[in-house]
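Asks: Sequence:
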Amino acid sequence: MRQYIHSIPRPYQENRKAVEANTNSPVLDKIRSYARRAAWYDNEGENTHNPFKKIRVNRRRKQNATRDIEQGVLARGGNQGSSSTGDRDSQEKDLPTLAGSEDAINVSRDINGEEGVPRRRKTGISEAPTEADDPASSSSNGKPRFTVASQLRATIFNSYINVLLVLVPVGIALNYTSVSRTAVFVVNFLAIIPLAAMLSYGTEEIALRTGETLGGLLNASFGNAVELIVAIIALFHDEITIVQTSLIGSMLSNLLLVMGMCFFFGGINRIEQKFNEVVAQTAASLLALAVGSLIIPTVFHMWASGGASHTDELSRGTSVILLLVYGAYIFFQLKTHAEIYNAPSEKTEKRSKSRAKGDTHKGLVAIGALGAGMSSQSAQQHLDSREGEEEEEEKEVPQLHFYVAVATLLISTVLVALCAEYMVDAISTVTAENKAISQTFVGLILLPIVGNAAEHATAVTVAVKDKMDLAIGVAVGSSMQIALLVLPLIVVIGWIAGKDDMTLDFGDGFQVVVLFVAVLLVNYLIADGKSHWLEGVLLMTLYIIIAIAAWFYDN
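Numbering (full-length UniProt numbering), first residue to last: 1 to 555.
Any given hint could turn out to be false.
EDC-like cross-link-like pairs, simulated, lysine to aspartate or glutamate; straight-line CA separation at most 20 Å [to be verified]:
| hint | residue 1 | residue 2 |
| --- | --- | --- |
| 1 | LYS435 | ASP554 |
| 2 | LYS499 | GLU421 |
| 3 | LYS350 | ASP425 |
| 4 | LYS465 | ASP312 |
| 5 | LYS499 | ASP312 |
| 6 | LYS499 | ASP554 |
| 7 | LYS499 | GLU313 |
| 8 | LYS435 | ASP425 |
| 9 | LYS465 | ASP238 |
| 10 | LYS274 | ASP528 |
| 11 | LYS530 | GLU277 |
| 12 | LYS499 | GLU339 |
| 13 | LYS530 | GLU272 |
The hints are simulated quantities; they were obtained by calculation from the structure and are not laboratory data.
Being a predicted model, the structure only gives us computed values, none of them experimental.
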């Protein structure tokens with residue numbers, strides 16, 4: 001079949017390049033943005049099973065790559081129809097023949113019998129209505145129509161997890177009563193979970209309207225906003241142990257728990273999953289650098305003669321260097337090596353799928369390619385690269401009015417700060433009243449759940465959909481952002497605020513050692529660019545061991 005496929009028309013190539021350019025641009029934190037959209041909304045006939053999934057109020061505008069390609073072929077075929085008979089005869093000589101027959105297959109006749117124009121294939125996708133055709137979801141000018149009811153539904157009633165929003169006023173009110181501080185901690189702890197999801201939602205809605213550069217900056221700035229808010233509040237409460245352990249715990253939960261769940265649930269129905277190992281290894285190498293930047297000040301304080309008097313200077317200088325490294329990584333990702341981040345990963349079929357069915361589908365695509373006049377080499381490259389992927393690209397439509405999105409982001413940020421204030425204020429009392437719970441366990445295990453719950457669900461959901469590059473980007477990328485941006489920034493803020501205890505010196509080194517072991521295991525597992533469910537078990541097992549150690553750890 002391959003030797004009979006002819007050259008891809010130029011309109012096909014141009015449309016495909018345009019689609020790939022739109023879907024693969026790695027502007028700052030767009031990986032996280034793509035992952036959120038893939039995890040939040042159900043596709044037709046597909047359920048994400050994500051507790052943080054949302055209801056799409058406005059329908060997306062469909063941009064069918066196949067339809068655009070075929071329209072380009074029709075235009076090209078129409079021009080060819082007016083060409084000379086000799087040109088048409090020379091083209092027919094190159095048409096494929098059936099096995100055992102000398103007659104060429106006639107693929108140049110459309111359904112009306114007109115020669116010279118390739119027949120357009122009928123696809124169900126191409127007949128799907130666009131958002132502009134739906135009067136219920138768009139105005140007369142084609143733009144989304146926003147009403148009070150739709151905005152309430154898109155913000156408050158768009159996710160099951162928003163049921164926990166009722167705990168926000170309860171948690172704030174409990175702080176001014178005489179109830180147990182444990183109750184204040186628990187209620188505010190649970191209240192932050194839906195607020196973090198709404199903060200991410202507001203960021204995404206604003207990013208849809210501000211362009212890719214500013215949208216990427218918003219995602220990068222608010223991607224770890226909850227961790228940053230909790231850390232700053234704990235810093236000004238002089239809870240240095242909580243600051244350090246919560247940030248280390250966020251990295252551990254992303255690297256071990258989240259990625260372990262991605263490998264496990266994504267690979268449970270597949271032999272293995274593949275991802276861009278160069279991107280993953282680059283992020284893991286930066287994490288190794290970050291771990292080294294924590295080990296050196298800790299060891300320097302413990303072993304160097306007079307090291308205690310210079311630990312502050314070493315930590316601040318190291319923090320500034322790490323911020324510069326993060327900037328260099330952004331430049332590396334955007335400018336010099338952007339093509340690495342654009343490389344698509346290979347898809348893997350589920351075990352339940354019949355190989356024969358896949359082969360049949362591929363054969364039908366190849367037969368359709370005959371009508372378009374594809375060459376064997378170009379068509380096979382197209383089939384290999386697009387196999388297992390949808391050819392339909394849909395432009396995301398904002399679900400919120402711009403001012404509603406801004407208000408959602410601001411209100412969520414303020415409420416997160418209030419709930420985090422009361423939660424952090426209650427930690428010392430909770431650990432004092434409950435001797436079995438240490439501050440290390442609270443910071444290392446519990447607090448990361450607050451800010452990362454929505455991102456955890458996002459990463460696991462896209463991993464189940466076999467979008468491992470997005471899952472790795474969320475898990476490893478978030479850990480790298482905390483290590484190279486949030487943690488150094490907290491040290492600099494402490495420096496400015498006169499909090500001299502906020503350094504990269506982690507005392508006895510327990511947190512640094514467990515982070516080193518985690519990064520070591522992650523580096524080893526992602527080196528080959530493949531994953532399976534057993535690797536997920538290994539990562540989650542290490543996280544459970546660390547959690548048990550943190551439970552019994554006494555500061």
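Asks: Please work out if LYS530 and GLU272 have their alpha carbons no farther apart than 20 Å.
Replies: Given pair LYS530, GLU272 holds - Cα atoms ~7 Å apart, limit 20 Å.
Asks: Starting from LYS499, check that the Cα of GLU313 is at most 20 Å away, please.
Replies: Roughly 13 Å separates the two Cα atoms, so the pair holds.
Asks: Is the hinted pair LYS350 and ASP425 satisfied, with a Cα-Cα distance of at most 20 Å?
Replies: Measuring from Cα to Cα gives roughly 48 Å; hence the hint is violated.
Asks: Would you check the hint for LYS530 and GLU277, treating anything up to 20 Å between C-alpha atoms as holding?
Replies: holds, 8 Å
Asks: Straight-line Cα separation of LYS274 and ASP528 no greater than 20 Å?
Replies: holds, 9 Å
Asks: Checking one constraint from the list: CA of LYS465 to CA of ASP238, max 20 Å. Satisfied?
Replies: violated, 43 Å
Asks: Is LYS499 within 20 Å of ASP554, Cα to Cα?
Replies: violated, 24 Å
Asks: Would the pair LYS499 and GLU421 pass a check requiring their Cα atoms to be no farther apart than 20 Å?
Replies: holds, 18 Å
Asks: With the threshold set at 20 Å, check whether the alpha-carbon distance from LYS465 to ASP312 stays at or below it.
Replies: Between LYS465 and ASP312 the Cα gap is close to 46 Å, so the pair fails against 20 Å, i.e. violated.
Asks: Between LYS499 and ASP312, is the straight-line Cα distance small enough, at 20 Å or below?
Replies: Distance of about 10 Å is within 20 Å: holds.
Asks: Holds or violated: LYS499 and GLU339, Cα atoms, limit 20 Å.
Replies: Violated, at about 42 Å.
Asks: LYS435 and ASP425 were given as a pair; does the straight-line alpha-carbon distance stay at or below 20 Å?
Replies: holds, 17 Å
Of the numbered hints given earlier, the model fails hints 3, 4, 6, 9, 12; all others are met.
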